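> Could you put the whole structure together from the sequences, leaning on the hints where they help?
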Amino acid sequence: MPVLTYRDALNDALREEMERDPDVFLMGEEVAEYDGAYKVSRGLLEVFGDKRVVDTPITELGFAGLGVGAAMAGLRPVIEFMTFNFALLAIDQIVNNAAKMSYMSGGQFGVPIVFRGPSGAALQLASQHSQSFDSWYANVPGLKVVAPATPADAKGLLKASIRDNNPVIFLEGEMLYNTKGEVPDGDHVVPLGQAEAKREGSDVTLVCYSKSLIPTLKAADTLQNDSGISAEVVDIRTIRPLDTAMLVESVRKTNRCVIVEEGWPFSGIGAQLVDSIQQEAFDDLDAPLLRVTGADVPMPYNKKLERATKPTPQKVIDAVHRVTYTA
Amino acid sequence: MPVLTYRDALNDALREEMERDPDVFLMGEEVAEYDGAYKVSRGLLEVFGDKRVVDTPITELGFAGLGVGAAMAGLRPVIEFMTFNFALLAIDQIVNNAAKMSYMSGGQFGVPIVFRGPSGAALQLASQHSQSFDSWYANVPGLKVVAPATPADAKGLLKASIRDNNPVIFLEGEMLYNTKGEVPDGDHVVPLGQAEAKREGSDVTLVCYSKSLIPTLKAADTLQNDSGISAEVVDIRTIRPLDTAMLVESVRKTNRCVIVEEGWPFSGIGAQLVDSIQQEAFDDLDAPLLRVTGADVPMPYNKKLERATKPTPQKVIDAVHRVTYTA
Amino acid sequence: MTQVHTNAGLDSARTDFYRQLLRQMLLIRRFEEKAGEAYALGQIGGFCHLYIGQEAVAVGAIAALRDDDYVTSSYREHGHALARGMSSRSVMAELFGKATGCSKGKGGSMHLFDAELNFFGGHGIVGGQIPIAAGAAFAVKYRGGDQVSLCFFGEAAVNIGSFHETLNMASLWKLPAIFLVENNRYGMGTALERASAVADIAERATSYDMDAEVVDGMDVLATFEAMERAVHRARTDKTPTLLDVNTYRFVGHSMSDASHGTYRTLEEVEENKKNDPIGKLCARLLDDDLVTHKDIEEIDAEIIAEVEDAVAFAESSPEPEPEELFTDVYKD
Amino acid sequence: MTQVHTNAGLDSARTDFYRQLLRQMLLIRRFEEKAGEAYALGQIGGFCHLYIGQEAVAVGAIAALRDDDYVTSSYREHGHALARGMSSRSVMAELFGKATGCSKGKGGSMHLFDAELNFFGGHGIVGGQIPIAAGAAFAVKYRGGDQVSLCFFGEAAVNIGSFHETLNMASLWKLPAIFLVENNRYGMGTALERASAVADIAERATSYDMDAEVVDGMDVLATFEAMERAVHRARTDKTPTLLDVNTYRFVGHSMSDASHGTYRTLEEVEENKKNDPIGKLCARLLDDDLVTHKDIEEIDAEIIAEVEDAVAFAESSPEPEPEELFTDVYKD
Ligand SMILES: Cc1ncc(C[n+]2csc(CCOP(=O)(O)OP(=O)(O)O)c2C)c(N)n1
Ligand SMILES: Cc1ncc(C[n+]2csc(CCOP(=O)(O)OP(=O)(O)O)c2C)c(N)n1
Ligand SMILES: [Mg+2]
Ligand SMILES: [Mg+2]
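These protein sequence lines are chains A, B, C and D, in that order. Here the first sequence is numbered in the numbering used here, starting from 120 and rising by one per residue. Here the second sequence is numbered in the numbering used here, starting from 120 and rising by one per residue. Here the third sequence is numbered in the numbering used here, starting from 833 and rising by one per residue. Here the fourth sequence is numbered in the numbering used here, starting from 833 and rising by one per residue.
Take the hints with a grain of salt, since some may be wrong.
[What the hints assert, rightly or not] Among chain D residues calculated to face chain A with C-beta under 8 Å, some are:
hint: 1; residue: H943
hint: 2; residue: A988
hint: 3; residue: G993
hint: 4; residue: M1020
hint: 5; residue: V1161
Calculated from the structure, these hints are not laboratory results. All figures in this text were calculated on a predicted structure; none of them were measured in a lab. Even glycine gets a Cβ: it sits at the ideal position worked out from N, Cα and C.
This is the structure in structure tokens:
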């Protein structure tokens, strides 16, 4: 299998879907002539022209809503937010129009649209540019929410998202764009709604998604080597719809669970996972479910402080020792 | 004690705080000449004039941001959103500016501002006008989130919110405006961050806030009368900061808990309560924590369907029977 | 800008067309009167924003469209839905929240939709529908089609960000869109002058280098003619237009708002009622002997019957099944 | 609109003032050059937007303000902070993320603040600072004061909703605000003409019935004079102004963007550098014998020393204590 970066995997997915379906187009700030602020759309303007790769003014609310209308008229827009921090300005269109159009029209209008871009913290971008609103989108019926961690999932899930007939929030990791991994050849599509065990294990279940897979896998290795603790690492991949069945199955096996996410703790994704798991696997739990999250503060600029906010292998390891009472 | 409606209690709080502090002003759509869309600001224009009771154009993003700037300059704005559904258009100013100004300025600038208005569903307002984003605001460090259920709490918490030196999201219940209750005389202030047991009990803890207090109390009475189950009803009142200590204390006593909220389930307020409680009281729990939430759908217009989405006493009772294994 | 009135005398060859306009305006008027009654009886719930007084705007504007053009509106859209050709049965049933309503009873008064007629709704957030209409225009251009996209919104919506962002994109990209401001002078209880730094809405077009016209929205023919010019620009020249259509709502903002008292006087309302768009068209048609009083009575009788049938249909229609609560959240 | 140049010959009585302007522009230039070096060395992280080429705008504009006026800016605000009188030490230390920085190392390059100087930041969301500046102006009016509130933002920000919503309120309520567009012709890689339906930014004022002026932002005195007129309108007539100040950034959008290649040519950049605002002021002062080459060298030497001291200070300053992570989230 070819080895690609997460960025190139996304680029391939966009290119292949645009080749496959003339109704698919990409719109956003700097996506065309500049090849995208993070170069995810590199080369697409040349191939597809400025009709299908469209640079916009800085008007998130406007072009998000324009995308919704274009989708109602039968196109399949892929709307890039330079980062999801800026999508706050467009969230009325996402929540009140994209997510509700099918329901409030009695099923007459679908909105096949993908809103994509980097979400979460990068490096030292400070408080207004380092946020994860993943749990906000996942809160909303009518939306699907996807957050791939690997190049293969990035490609396969983006293709599935573009083919989906519903609005999909596609959360990319800016820190993942340069990461490499094997990507299956051909029309590689990963269905939405399926978690994947990125590592098998028997003593504890570690749940994560997107960037948090990296410290979680590191922690799992260290736990194996240093303490002989066998951790199963489950990457949920799609946040909504959530693959609860697989999570419960894993916890039924391990009886212990630690959830890792980059976002803020209060009512984060992990809070829902705790709720879903304890409801279904209460009697199988040998310890409370613990969470490793981003610190409950706006993101500081200083590098050391920023690092202290993020989930690290050590924080995951400490949590595992607590749930396995091996601390 | 005088009996007031929730609406008049809020009106009294506004009037008294504006009398007490000349820097407090009220701004929003229709708050002045129209006395407020829901008449919460009735009569304030007459008393304080149009300098301090300000009608705005329909520009939520603009006047929310203007309020933040005015607060940085030393005023204490109370910004009314006609409903919190429209605050989605202003949420960038709330999250990126109001919530972060103190932190990103190294503590130089505070933003003493209250964003208030009705939140959640009323009657048959359909999907765009019947939403609770309570968990979104509670997710954000830098914000405080308050949601009173009774006239006394409405008055006491609004006064505390206006006096607080931080941005406060003050969520009112449109369906509560006409409800009546005793309100202590004089300068009645309820500190933020304190839950209150609205009913004592020993067999199960029912947690709720705002409107959901009503079906929860009804359920508690029925459980007592029909099944002899003694339910303690805890109204959290302030969502952030959350009075976890009191919740845990109650659950330690009852060993069972059901959480009731009007919002959507995924990563809602209840999900965080489940997480906080099971972390601290895991060994005291005799059953999984169950949640009664709004249905996981956009709000339908049809009255019967709408009613079916909402928490009802019966849904609470059924959940209690499950956690007490008396079903 | 000076307001464009219709000077053209009536053309007897177009009598059927004039009667059609009259018929549609009367239908909307009678429909809304009934809706008001049904609301008072509790058969309709939630927010209900009647269109009484503004009929000439929807009817005159939509008459200039082709069947395959797009129409998007606000929560005050009963009139637009009917003028677009949605049946009074499906609209009334929707207001009643019945399964036979255009949106299966899930949308209600503020969310009327009809995919067959390219009627894009029915939107409750002020200004929220403006970029959606531009999106339909974008799709037309994308596909090289020649349809136009017409967007209705109130004058208070011009102050909101989405108006500004959308008109800039529409002009920049030459989208076949028509932004029609129904300028009834009030946004809820707020007079235009208290909310907008510029009272002349058409002035706003300068910021986007967009064509604009001020139109007498109480004159259905003037509205039709101005729309024909805007449609030509969109369909042929591929450029958008901003129309400032002056009108007046004879009733309150919604069923919970009094028609006068707080923010406007009884005198003002009565004065404007003298300018009733239906009365005006009737008078002109009678003057030119294109209809008789009897004709008008017949048309009105037909319409009253149609509206009563719509109410009977709505009353007798079933509620949505309980399972409907969970359908349509996602498309397969 | 025609652009206002300064025709007034230099007034020798104001030599100290001219030297002060020169000094400030040079300080910003040298400071930014050092910041660029420090970024290359990894001493500064994140996004870093340099102000090189635009110095005359911040310096000329802020020179027209009083100490108790308000200044709010975007993420490209190093120059505004220095022109406002923030010490190069506190600004450089902030870029280094040190505890001695103006924002304790928590804000960084995009979030410089100084409460003492009414410097309201330092904002990273395009257009987000515009209503904030209007809020300061609202507070001035509320208290019956006579300060003015100056807001800097780029030309690409005029397309966003908050610009539109805020200018309407500012004009409607007669707020003492000055909205200064730093028109450097590009928003990141997008040329003004590709994003804005109207290239003449001042035209936008028509929609708000607001005074506007087009200003040569490469001429510090022209900028100062236009600002004096705007300040007079705000302080005395209590009306807001929109200033379209034409300038150019000689460097990339941020440290990760090349100064030329993708969206503008080397020729274009070089052509504009001939119009260097610092060089231009020096030339005029020399022509009129108000400074000598030696004076300029001395000023420059002083400034280089000041900036080196700022870097040394930043380097030797401590990192924030780990506990600082959790302070300042809330005020007591
Ligand atoms: C963003 C937003 N803010 C506030 C409201 C509440 N609201 C509904 S209609 C309305 C007035 C709109 O007036 P206008 O645009 O002139 O339309 P009209 O009702 O006169 O037809 C307001 C403030 C809303 N629906 N959306
Ligand atoms: C709402 C929002 N969208 C996008 C961005 C990303 N971004 C940062 S600066 C910039 C260009 C702004 O250009 P302009 O307003 O002309 O200011 P300049 O950088 O030229 O000084 C963009 C798109 C942002 N910060 N905020
Ligand atoms: Mg109106
Ligand atoms: Mg620029």
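> Of all the hints given earlier, name the ones this structure violates by number, lowest first.
none
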